[in-house]
Structure formats: structure tokens, C-alpha cells
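Chain order of the listed sequences is A and B.
Final position of the first sequence in the UniProt record's numbering is 274; the numbers increase by one with none missing.
Final position of the second sequence in the UniProt record's numbering is 274; the numbers increase by one with none missing.
Derived from the structure by calculation, the hints contain no laboratory data.
These numbers come from a predicted model, not from an experiment.
Think of the CB as a built atom: it goes at the ideal place given N, C-alpha and C, for glycine as much as any other residue.
Certain hints may be false.
[To be verified] Partial list, derived from the structure: chain B residues whose beta carbon lies under 7 Å from chain A: (1) Ser117; (2) Ser121; (3) Leu156.
2 protein chains.
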Amino acid sequence: MNGVLYIVGIGLAPNQITQEAIEVLKNTGAVFIEEYTSMFEVKPSEYLTRIIGKPVTPVNRRELEEENGSILIKAVKEYGSAALVTIGDPMIATTHSALLITAVEAGFSVKVINGISIVCSAISQVGLSPYKLGPVATVTYERGGVLSRRAYEVLLSNISNGLHTLLLLDIKDGGGFMSIKEAAEVLTRIEDEVKLGLVNDDLAAVFGSRIGWVDQAIKVTSITKPPDLKPPSIIVVPGLLNPVELDLLKLVHGADEGLLKRHIEHVKSFLRNP
Amino acid sequence: MNGVLYIVGIGLAPNQITQEAIEVLKNTGAVFIEEYTSMFEVKPSEYLTRIIGKPVTPVNRRELEEENGSILIKAVKEYGSAALVTIGDPMIATTHSALLITAVEAGFSVKVINGISIVCSAISQVGLSPYKLGPVATVTYERGGVLSRRAYEVLLSNISNGLHTLLLLDIKDGGGFMSIKEAAEVLTRIEDEVKLGLVNDDLAAVFGSRIGWVDQAIKVTSITKPPDLKPPSIIVVPGLLNPVELDLLKLVHGADEGLLKRHIEHVKSFLRNP
Numbered sequence: 001m002n003g004v005l006y007i008v009g010i011g012l013a014p015n016q017i018t019q020e021a022i023e024v025l026k027n028t029g030a031v032f033i034e035e036y037t038s039m040f041e042v043k044p045s046e047y048l049t050r051i052i053g054k055p056v057t058p059v060n061r062r063e064l065e066e067e068n069g070s071i072l073i074k075a076v077k078e079y080g081s082a083a084l085v086t087i088g089d090p091m092i093a094t095t096h097s098a099l100l101i102t103a104v105e106a107g108f109s110v111k112v113i114n115g116i117s118i119v120c121s122a123i124s125q126v127g128l129s130p131y132k133l134g135p136v137a138t139v140t141y142e143r144g145g146v147l148s149r150r151a152y153e154v155l156l157s158n159i160s161n162g163l164h165t166l167l168l169l170d171i172k173d174g175g176g177f178m179s180i181k182e183a184a185e186v187l188t189r190i191e192d193e194v195k196l197g198l199v200n201d202d203l204a205a206v207f208g209s210r211i212g213w214v215d216q217a218i219k220v221t222s223i224t225k226p227p228d229l230k231p232p233s234i235i236v237v238p239g240l241l242n243p244v245e246l247d248l249l250k251l252v253h254g255a256d257e258g259l260l261k262r263h264i265e266h267v268k269s270f271l272r273n274p
Numbered sequence: 001m002n003g004v005l006y007i008v009g010i011g012l013a014p015n016q017i018t019q020e021a022i023e024v025l026k027n028t029g030a031v032f033i034e035e036y037t038s039m040f041e042v043k044p045s046e047y048l049t050r051i052i053g054k055p056v057t058p059v060n061r062r063e064l065e066e067e068n069g070s071i072l073i074k075a076v077k078e079y080g081s082a083a084l085v086t087i088g089d090p091m092i093a094t095t096h097s098a099l100l101i102t103a104v105e106a107g108f109s110v111k112v113i114n115g116i117s118i119v120c121s122a123i124s125q126v127g128l129s130p131y132k133l134g135p136v137a138t139v140t141y142e143r144g145g146v147l148s149r150r151a152y153e154v155l156l157s158n159i160s161n162g163l164h165t166l167l168l169l170d171i172k173d174g175g176g177f178m179s180i181k182e183a184a185e186v187l188t189r190i191e192d193e194v195k196l197g198l199v200n201d202d203l204a205a206v207f208g209s210r211i212g213w214v215d216q217a218i219k220v221t222s223i224t225k226p227p228d229l230k231p232p233s234i235i236v237v238p239g240l241l242n243p244v245e246l247d248l249l250k251l252v253h254g255a256d257e258g259l260l261k262r263h264i265e266h267v268k269s270f271l272r273n274p
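Could you build the full structure based on these sequences and the hints that come with them?
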């Protein structure tokens with residue numbers, strides 16, 4: 001059986017769609033979109049329908065995960081090709097890896113069309129060196145009475161190696177994103193439990209709001225004093241900073257020189273191999 | 001003084017340019033492009049001239065680095081705005097951070113327009129979890145009689161933490177890219193010096209060629225037996241692999257099951273906190 005499943009990223013904001021994505025979606029039998037893991041400046045399915053001039057069907061988490069994307073597999077069988085669209089780059093969510101495997105097992109070929117991802121955009125807009133970016137983590141809400149310490153542990157490990165950390169923020173079960181204030185509270189609460197002294201007034205953080213959007217905003221403050229910025233947002237906690245990174249944070253994002261000095265001393269006190 | 005400098009990424013292949021990049025470049029006073037740090041399917045300046053319908057001037061390393069991008073600063077003064085275009089995302093190279101700082105110091109505002117980056121695309125096309133990606137490194141040629149061990153050290157550190165490593169490949173001084181065969185030889189030569197037993201037949205590597213291009217190719221082999229693939233290329237060395245990642249490497253990229261089993265045991269023997 002021949003058939004092609006496209007897994008297509010459309011970037012973080014409406015005008016970040018690539019020529020390649022537009023072309024693929026215009027020529028594909030059926031187009032589906034998952035809108036539940038991210039947020040766009042406008043309603044993604046309506047925006048996309050306008051751009052490619054044909055219907056775009058939203059799919060929900062149950063259809064993609066519990067039913068193994070059978071709605072897409074059926075569409076490939078019926079039309080010869082189908083596309084699943086996601087905001088950002090489509091392979092950040094393991095959901096889509098599982099779907100890719102299902103499609104290959106069904107005998108289809110699969111083509112991933114890259115979109116601009118929050119992981120690269122965040123570090124790029126903030127202006128820190130990608131060579132010093134450690135593993136990414138997501139700050140999550142307490143669920144079932146359990147507060148995961150994962151994001152704090154990744155942050156601690158990165159800081160111990162002098163690396164930067166990108167923190168993504170959780171999605172609420174009912175939709176919408178964790179605010180940077182809530183994320184800072186989660187990290188402070190874990191700090192109060194583990195008492196390692198990492199998350200305090202000396203730890204600088206770069207708070208990014210609506211990266212790639214028209215109203216993108218970036219502020220550098222202590223992680224304990226998060227600014228009031230609109231969702232969706234991200235937090236980048238710098239590790240060690242070279243002179244260019246320091247200049248950029250000060251000149252471009254208005255970071256306080258005293259905070260950055262305290263931050264560097266703070267990071268140095270956590271270095272595994274100083 | 002008012003004026004805007006745009007630093008614009010156009011992705012890895014001609015059709016990866018975004019609507020946003022096209023719009024900005026069409027409306028900017030003067031457009032420059034640096035073509036010396038990457039490679040495109042077609043000549044980037046000619047391609048871009050065709051897309052935006054106006055002249056695109058190539059700039060070289062000397063003009064950007066030694067002369068602090070004064071050619072761009074002059075253009076912003078003269079036309080009110082100017083753009084520097086790069087392949088991929090423009091903030092991966094510190095050159096452009098330095099230019100950004102120079103422009104802000106000259107009193108201009110700077111806007112970074114993201115493009116699809118090799119860092120996110122590589123991990124996405126290979127299909128490994130971005131949450132387990134450790135710091136990126138570049139495998140470099142011997143220069144001035146010195147062979148840098150940096151890439152090997154980053155790889156060792158990532159493997160010790162079970163993390164994946166993206167290895168970018170050096171640019172030749174005369175232009176063109178290091179081949180994956182040369183990169184494997186560099187790593188083997190360092191292994192012969194440090195004798196830690198990391199780079200050997202049991203270490204699996206995902207070799208990616210022309211990511212995002214029409215003739216993209218991905219092969220999984222032992223790092224000591226690199227396939228013959230065309231430049232530009234990248235190498236991803238997996239760390240620990242979850243079941244979805246394992247399935248994907250086997251089913252989608254044809255990885256040998258025996259190699260993957262040996263690889264996982266090999267990684268485990270290097271884990272810092274097993």
C-alpha cells in the first residue's frame with residue numbers, strides 16, 4: 001500500500017509558516033491540526049484554512065493518543081496522503097513520534113516538515129550561546145498530589161556544569177498555559193523542600209513572553225521576582241556568561257549589572273568542576 | 001538616531017523561508033547576506049534576489065567580523081533600515097551577537113527574525129527526544145598543529161549523563177564542509193590519544209546528510225563505519241534510548257537491532273549515576 005503521512009510544523013506565529021509547509025498542505029489529501037499543546041496569535045485552524053484554501057480539521061488528544069491517530073491513518077488510506085499540523089516543530093512532542101511509527105507500520109512513508117521551534121527560537125531571541133544550552137525541562141503543576149522535581153533537578157544539573165537551561169511551562173488540564181509567576185512559585189516551593197539554595201534572589205532568569213509574536217517581550221530579573229508578562233512564555237536560566245552574552249543581556253534586554261554579577265558568583269558556587 | 005537592523009534567518013533550504021522573512025526583506029532598505037558559514041541547495045544571494053525582487057549583497061567574514069559589520073551600520077544610517085541574512089537561524093553564530101550589540105550601541109533597534117535551525121531540525125528529523133539533548137559541539141580540523149578535544153569531551157560528558165549529542169561539522173578554511181568520514185576520523189584519533197574506549201564499534205551514530213533538502217538522507221551505523229553521504233552533514237550520537245526512540249531508529253531509519261543493543265550497554269558503562 002502506498003501513501004504518505006506528512007507531519008508539518010507551522011512555527012510559533014502565523015507569519016512563521018514556511019513556503020515548504022504551505023506547498024505540502026495545499027497538495028495533501030486531508031489536513032488535520034492539533035491545537036491543544038500550544039497557542040497561536042489567532043485560531044490556528046481558521047488561519048490555516050485561509051492560507052491553504054481548504055478545510056483544516058482540529059484533532060484532540062484522545063484522537064491522537066488513545067486512538068493512535070487512526071483518524072489520520074484512515075485519511076491516508078482514503079486520499080493517498082494526509083497531514084497532521086502542529087504549532088512549532090512537530091517532533092518535540094512524543095505523541096507525533098508514536099504516530100510516525102504507527103504510519104510506517106501501516107506501510108506508509110512519513111515526511112516531517114520542520115517548523116520554527118520554541119527551543120531554538122527562545123535561545124536565539126534571548127541571545128545566549130546555543131553551545132552552552134543544557135537539556136530542556138518543563139515546569140509542571142502538581143498532579144495527583146505530587147509535585148515533580150524534574151525541572152529543578154535539570155536546572156541544578158545544568159548550573160553545576162555552567163550551562164543555560166530553557167524551561168518550558170506546563171499546559172493546564174483545561175487549556176491555557178502556566179504563567180511565569182506560577183512557574184517561579186513551583187521552583188521556589190521545590191527549593192523550600194530540597195533546601196539547596198539554588199533558587200533565590202541571586203539567580204537571574206530571562207523571562208520571554210510570546211516569542212515570535214508581534215508583542216514579544218523579554219525581561220531579565222531575579223527568578224524570585226518574575227515580571228508580569230502574557231502567556232505563552234518561557235524562562236531561560238543562564239549558566240556562566242561570556243562577555244558577548246553579558247553585553248547582550250545588559251544592552252538589549254536591560255539586565256541589571258549588579259544582578260548579573262551576583263548571578264555569576266551564584267552559578268560558580270554550584271559548579272561541579274570549578 | 002532611529003533605524004532598524006534586521007538579522008534574518010532563512011532556514012536550511014530554499015523553501016524553508018518564512019512569510020515573515022520575505023515580508024521583512026521586501027520592506028528593508030538594503031539586504032546583505034553572509035554565505036560563508038553554511039551551504040544551500042542553490043546560491044543563496046541569487047535565490048533571495050529572485051524571491052524578494054531586489055539586490056542582495058554578499059558580505060564576507062572580514063566585513064562582518066574584523067570591520068564589526070560597519071557595512072551594515074552604514075546602510076541603516078543611509079536607508080533607515082537594513083537586513084543581514086544568514087542560512088538557518090541567525091543567532092547560532094556569535095558573530096551576529098556582536099553585530100547586534102554594535103547596532104544597539106549605535107542607537108538602532110535590532111530585530112531577530114528566526115529561521116529554521118540545524119540544531120532543532122537535526123534532532124527533529126532524526127526523531128530523538130529534545131528533552132534528552134545535551135550541549136551541541138562542533139568537530140573541528142587540526143589547526144596550527146593542534147587538534148581540539150572539545151567535541152570528544154562534550155560527547156563524553158553527554159554520554160555520562162545518558163544524553164544525546166548533536167555534532168556539527170567544521171567549515172574548511174577555503175570553503176566547504178568536513179565530511180562525516182573526516183569527522184569520524186577526528187573522533188577516532190582523539191580516542192587513540194585519550195584511550196577511554198568511548199569511540200569504538202559499539203557506539204552507534206545517526207548520520208544526517210542535507211537535512212531539510214530534497215535529497216535528505218539519514219543512516220544509523222557504528223560511528224567507526226560512517227556511510228558515504230553528501231555534505232552538509234551532521235552526526236547525532238544517541239545517549240540512552242526509550243522504547244519510542246528505539247522503534248523509530250529501527251523502523252524509520254533502518255538501524256540494526258544488534259548495534260542498538262550494544263550501544264545501550266556501551267552507554268550504560270559510561271553513566272555517571274547509573
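Hint by hint, here is what the structure shows:
1. For the restraint placing Ser117 (chain B) at the interface with chain A, the shortest Cβ-Cβ distance is roughly 4 Å, inside the 7 Å limit, so the hint holds.
2. The interface hint given for Ser121 (chain B) is met, as the beta carbon of that residue sits about 5 Å from the closest beta carbon of chain A, less than 7 Å.
3. The beta carbon of Leu156 (chain B) is not positioned within 7 Å of any beta carbon in chain A (closest approach about 13 Å), and the interface hint is therefore violated.
Checked against the numbered hints listed earlier, the structure breaks hint 3 alone; every other hint is satisfied.
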